[in-house]
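Colleague: Now for the letters of each chain:
There are 2 protein chains.
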Amino acid sequence: MEKFAVLVAGGKGVRMGTALPKQFLPLAGRPVLYHSVRAFIDTFPDVHLVLVLPPEQLSYAHMVLQHFPAGLDLSVVAGGETRFHSVQNGLRSVPPGAVVFVHDGVRPLVSPALIRRCYEQAVAQGSAIPAIPVSDSIRMIKDNGSHAVNRELLRSIQTPQTFRSDVLLPAFAREWSDAFTDEATVVEAHGTDIFLVEGEKSNIKVTTPEDLVLAEALLKERF
Amino acid sequence: MEKFAVLVAGGKGVRMGTALPKQFLPLAGRPVLYHSVRAFIDTFPDVHLVLVLPPEQLSYAHMVLQHFPAGLDLSVVAGGETRFHSVQNGLRSVPPGAVVFVHDGVRPLVSPALIRRCYEQAVAQGSAIPAIPVSDSIRMIKDNGSHAVNRELLRSIQTPQTFRSDVLLPAFAREWSDAFTDEATVVEAHGTDIFLVEGEKSNIKVTTPEDLVLAEALLKERF
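Residue numbers (the numbering used here), protein chains in the order written: chain A, -16 to 206; chain B, -16 to 206.
Hint data in this document are derived by calculation from the structure and do not stem from the laboratory. Small disclaimer: the values here were computed from a predicted structure and weren't measured. Any given hint could be a false lead.
A pair counts as met if it fits within one copy or between any two copies, since identical chains are not told apart.
[To be verified] Listed next, the in silico DSS-like pairs over lysine-lysine satisfying Cα-Cα at most 30 Å (straight line):
| id | residue 1 | residue 2 |
| --- | --- | --- |
| 1 | Lys184 | Lys(-14) |
| 2 | Lys125 | Lys203 |
| 3 | Lys(-14) | Lys125 |
| 4 | Lys203 | Lys184 |
| 5 | Lys(-14) | Lys188 |
| 6 | Lys188 | Lys203 |
| 7 | Lys125 | Lys188 |
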């Protein structure tokens, strides 16, 4: 099926404490976002890429694009008020009959194996949400203290959250709700079952300086 | 109050894929466990240390001890069948009227600030369990697919799980249950409220090769 990767990068650099938004910070010499884009191209050279950036960062796109040959099938789209609105904007050019990867721009270490696994399951089941076991003990806070939660049943969710467009597009043709924390919650609210797929511990989200240190170290190990 | 740090290191190196158990792997040139022990001594020079090791690893203790001056107040105790039994063994020498830190030996990056925070809250409230927000989306698996969980109310639990001994010792004077995944669940089963304290994202548990890479990188940043 036709493949669309919608890369959402909404970070303002607040938690990083840097002027440059985290998605453009250098990782092994190239912007974080470069690595995310490249993972999809390496896996599926025929993928259509949609890069969703905050309006004020549209001009930064060249920092990523300059590292790819001219003629790359990538469009840059302005994001919206929330993640939901940004993805909505990114989906405008997605046709029926496609598979859509919605990926955090700041997960630069996603592997081709995971992208392929997501594709295959989404084609077959409609959705493929990468998930890994929760490794720490988990407690739920309550008025006075906290209580234990059985982590065996919990999964930590990553991206690319992958869907067939017949599942994803109708779900996104609706009003925003503050319960929408990711794409899976939107599709779930539309009444569709959500199927998980095995994620990767190394597929980290780079949101703090520690994460960037880890990403750098993991990339060095990889090559 | 008198202070006891019970450091539990039960790892067999399985997930690490190494012959040497993870608690003895080199981190910045010294065993992982060395760093954990040192954090407590740096914070409270008068702390009594109890190192709980699998019986077959008791002879490895010198790898840690050789880096400290002679006369260190540290006893080495053989662990048991489960984490619960190991901690039970480690608590044998703990008197009433003390504060007890139960710490994962493989959390070498715990900071003196966190240890002090745990101490003060445990003195005042009976317990102090370091916790950090859950940064990923969380889903719960069910028969057909999965459903979203509100992560705002969830906390990821670390160590040192810290208690006054009047809270901890009675809770551990009981039979084991497979619901005991950490010390807080034991104390909770005894009917005592569990109070959280702010943990540290950098206070990671070193269980995989990726974690060791991160710990190494974080330690380098710190010095």
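Colleague: Are the hints correct? Go through all of them and say.
Modeller: Here is how each hint holds up against the structure:
Taking the closest pair of Cα atoms, Lys184 and Lys(-14) come within 30 Å of each other only inside a single copy of the chain (25 Å); across copies the shortest separation is 36 Å, beyond that limit. For a Cα distance limit of 30 Å, the shortest separation of Lys125 from Lys203 qualifies neither inside one copy, at 42 Å, nor across copies, at 38 Å. Taking identical chains as interchangeable, the C-alpha atoms of Lys(-14) and Lys125 lie at most 30 Å apart only when they sit on different chains, with a minimum of 29 Å there against 44 Å within one chain. In this assembly of identical chains, Lys203 and Lys184 lie within 30 Å of each other by CA distance both inside one copy and across copies; the values are 16 Å within and 22 Å between.
Taking identical chains as interchangeable, the C-alpha atoms of Lys(-14) and Lys188 lie at most 30 Å apart only when both belong to the same chain, with a minimum of 23 Å there against 38 Å between chains. In the homo-oligomer, the alpha carbons of Lys188 and Lys203 lie at most 30 Å apart both inside one protomer (17 Å) and across protomers (21 Å), since each shortest distance falls under that limit. Taking the closest pair of Cα atoms, Lys125 and Lys188 come within 30 Å of each other both inside a single copy (28 Å) and across two copies (26 Å).
Violated hint: 2 only; the structure is consistent with all others.
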